[in-house]
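Q: Chain by chain, the residues:
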Amino acid sequence: MKENRHGSATTEVISDCEVKTQRAFDAPISLVFDALTKPEHLRAHFSPDPEPLHICEIDLRVGGAYHYAWYAPGGRECSFRGTFLEIEPPTRMVATWLFEGWPGDDAIETTTLSEDDGVTTMTTVLRFKNRESLGDHFQGDTQGMQTSFDQLEDLLATLT
Amino acid sequence: MVRTPATIDVFNAIADEHRREILDVLVGGEMPVGAIVDEIAISQPQVSKHLRVLSQIGLVRCRAVGRHRLYRLNPSCLQPLHEWAAKYESLQNGRLDRLDDYLTELQHPHSHGNTNQQGES
Chain A
126 MKENRHGSAT TEVISDCEVK TQRAFDAPIS LVFDALTKPE HLRAHFSPDP
176 EPLHICEIDL RVGGAYHYAW YAPGGRECSF RGTFLEIEPP TRMVATWLFE
226 GWPGDDAIET TTLSEDDGVT TMTTVLRFKN RESLGDHFQG DTQGMQTSFD
276 QLEDLLATLT
Chain B
531 MVRTPATIDV FNAIADEHRR EILDVLVGGE MPVGAIVDEI AISQPQVSKH
581 LRVLSQIGLV RCRAVGRHRL YRLNPSCLQP LHEWAAKYES LQNGRLDRLD
631 DYLTELQHPH SHGNTNQQGE S
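Chains A and B, in that order, are what the protein sequence lines are. Here the first sequence stands for residues 126 to 285, numbered as in the numbering used here. Here the second sequence stands for residues 531 to 651, numbered as in the numbering used here.
Bound conformation, chain A alone (with noise of 0.2 Å):
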């Protein structure tokens, strides 16, 4: 029986401006690039919404752009879109970030997949341009406040 890696992605703020997230998958190294960078792939799990993605462009070659957009529940339109700067399938592969959500707060995301004895570590770095973009981010959301340890082991066990 094979163990469910559901939930494993790991995260952590690696400099002022840069986030890392890691994630292991049981498939071969160049499934899981073809399954992050071939539409008919994409189309079948990228949106988190019921609504399947409306568009899914991608032009896989150093300069062109990708573009993906769904609609969430309540109608608002979710999009993702940049442009590859590096691409060396099936191990690396950079491109420019911009989450419509989040205007003005573009990022360069590289990705970097690894295959050993069949499992495929995916590591990508949200790079953004400076420092106040990732600040923004949780800047803008201090509701409810509380004060707990808990709360501040679990966020130094994602940070060191």
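Among the clues, some could well be false.
Beyond 10 Å from chain A on every Cβ pair, some chain B residues (computed) [unchecked claim]:
no.: 1; residue: P562
no.: 2; residue: A571
no.: 3; residue: R582
no.: 4; residue: V595
no.: 5; residue: H598
Dumping the calculated DSS-like pairs for lysine-lysine here, alpha-carbon to alpha-carbon at most 27 Å [as the list claims (entries may be wrong)]:
no.: 6; chain 1: A; residue 1: K145; chain 2: A; residue 2: K163
no.: 7; chain 1: A; residue 1: K254; chain 2: A; residue 2: K145
no.: 8; chain 1: A; residue 1: K163; chain 2: B; residue 2: K579
no.: 9; chain 1: A; residue 1: K254; chain 2: B; residue 2: K617
Since the hints were derived computationally from the structure, they do not count as laboratory data. The beta carbon of each residue, even a glycine, is placed where N, CA and C say it ideally should be.
For this one, chain A is given, so just place chain B on it according to the hints.
A: Below, chain B without anything else, positioned relative to chain A:
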């Protein structure tokens, strides 16, 4: 040397490795600067500078007891960052779990993953 950025907020306060170490040590409770120095590999003047930055933005509180100054965490100050990091991590987890289900479905079309997604059509 400790650089103090022009603008200081929770985010760049914790982006420094030594400041994170100091916060980690203070999870153990209120303590004077000497006790913090004992726990990490940097000098007292450096620890003091970091404590000044952490105090300035409210992550650490300080009180005088006799001749000593005792430092303690003010964790509520980290809450916005915690919420942001947790939200980002949960978004990433959602996205990557869907990718995981999809990869499983592609490789084992007839097995039962936790997916209700359709494979390639």
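Q: Now tell me if each hint is right for this structure.
A: Hints and how they fare:
no., hint, in the structure
1, P562, "holds, 20 Å"
2, A571, "holds, 15 Å"
3, R582, "holds, 18 Å"
4, V595, "holds, 21 Å"
5, H598, "holds, 23 Å"
6, A:K145 <-> A:K163, "holds, 23 Å"
7, A:K254 <-> A:K145, "holds, 15 Å"
8, A:K163 <-> B:K579, "violated, 50 Å"
9, A:K254 <-> B:K617, "holds, 21 Å"
In this structure, only the earlier hint numbered 8 is contradicted, and the remaining ones agree with it.
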